[in-house]
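Undergrad: Listed below are the residues making up each chain.
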Amino acid sequence: DAKTTQPPSMDCAEGRAANLPCNHSTISGNEYVYWYRQIHSQGPQYIIHGLKNNETNEMASLIITEDRKSSTLILPHATLRDTAVYYCIVRVAFWTNAGKSTFGDGTTLTVKP
Amino acid sequence: EPEVTQTPSHQVTQMGQEVILRCVPISNHLYFYWYRQILGQKVEFLVSFYNNEISEKSEIFDDQFSVERPDGSNFTLKIRSTKLEDSAMYFCATPGSGGMDEQFFGPGTRLTVL
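Read top to bottom, the protein sequences are chains A and B. If you use this note's numbering, the first sequence corresponds to residues 1237 to 1349, in order. If you use this note's numbering, the second sequence corresponds to residues 355 to 468, in order.
Same shape as in the complex, but just chain A (with noise of 0.2 Å):
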């Protein structure tokens, strides 16, 4: 799976969009960038995942740059309920080969009042 790089921490106020950045420059042309959260000490929540298109769900919305490089995951009006760690994975679709994710170290986002 290609490698990916996010920022340490971001903070965002409250009813603002937040915009998390990741950079995956090796991605794959199978490999489908997938989004999950970790609030406190919960199990990771799959939150958006998408290979070349922008997608959206009522969630979040992920964007994808032309050369898939990049991405960034919007959360349109943070709550500080979405204050939680971020992470960005590249890996092929389950379909493809259901093995493992693999999580770094994410973006700590904190959600201020």
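This list has only true hints and no planted wrong ones.
Here are the simulated distance ranges between beta carbons:
| hint | chain 1 | residue 1 | chain 2 | residue 2 | range |
| --- | --- | --- | --- | --- | --- |
| 1 | B | 430 | A | 1251 | 41 to 47 Å |
| 2 | B | 372 | A | 1275 | 29 to 35 Å |
| 3 | A | 1294 | B | 361 | 27 to 33 Å |
Hints in this document: simulated from the structure, not taken from any laboratory. Model, not experiment: these values are computed from the prediction. C-beta: ideal position from N, C-alpha, C; glycine also.
Fit chain B to the known structure of chain A by using the hints.
TA: Showing chain B alone in chain A's frame:
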């Protein structure tokens, strides 16, 4: 949102004792995974299990660990003789019920070895 349940939520044991952690995953997926997270450290992969066989395991998953599917719905992680360094959160995970697009994690079992 689909759920993966794990029991117990917290297990305290003495060093050298055996522990069994349980997981009930989404639907009847044939895949499941175990991860662990030592306090303050990264989430680490332990083992993946497919169709009643181990498909991949990490260096952490030594002979003290085993996984089973004792019945049609439950999956277990057994640690035969616990060590102090086994103290961690243990998470099981399965693919989503809609297919293999994503991976859902359970709430975890906090294992404390004294």
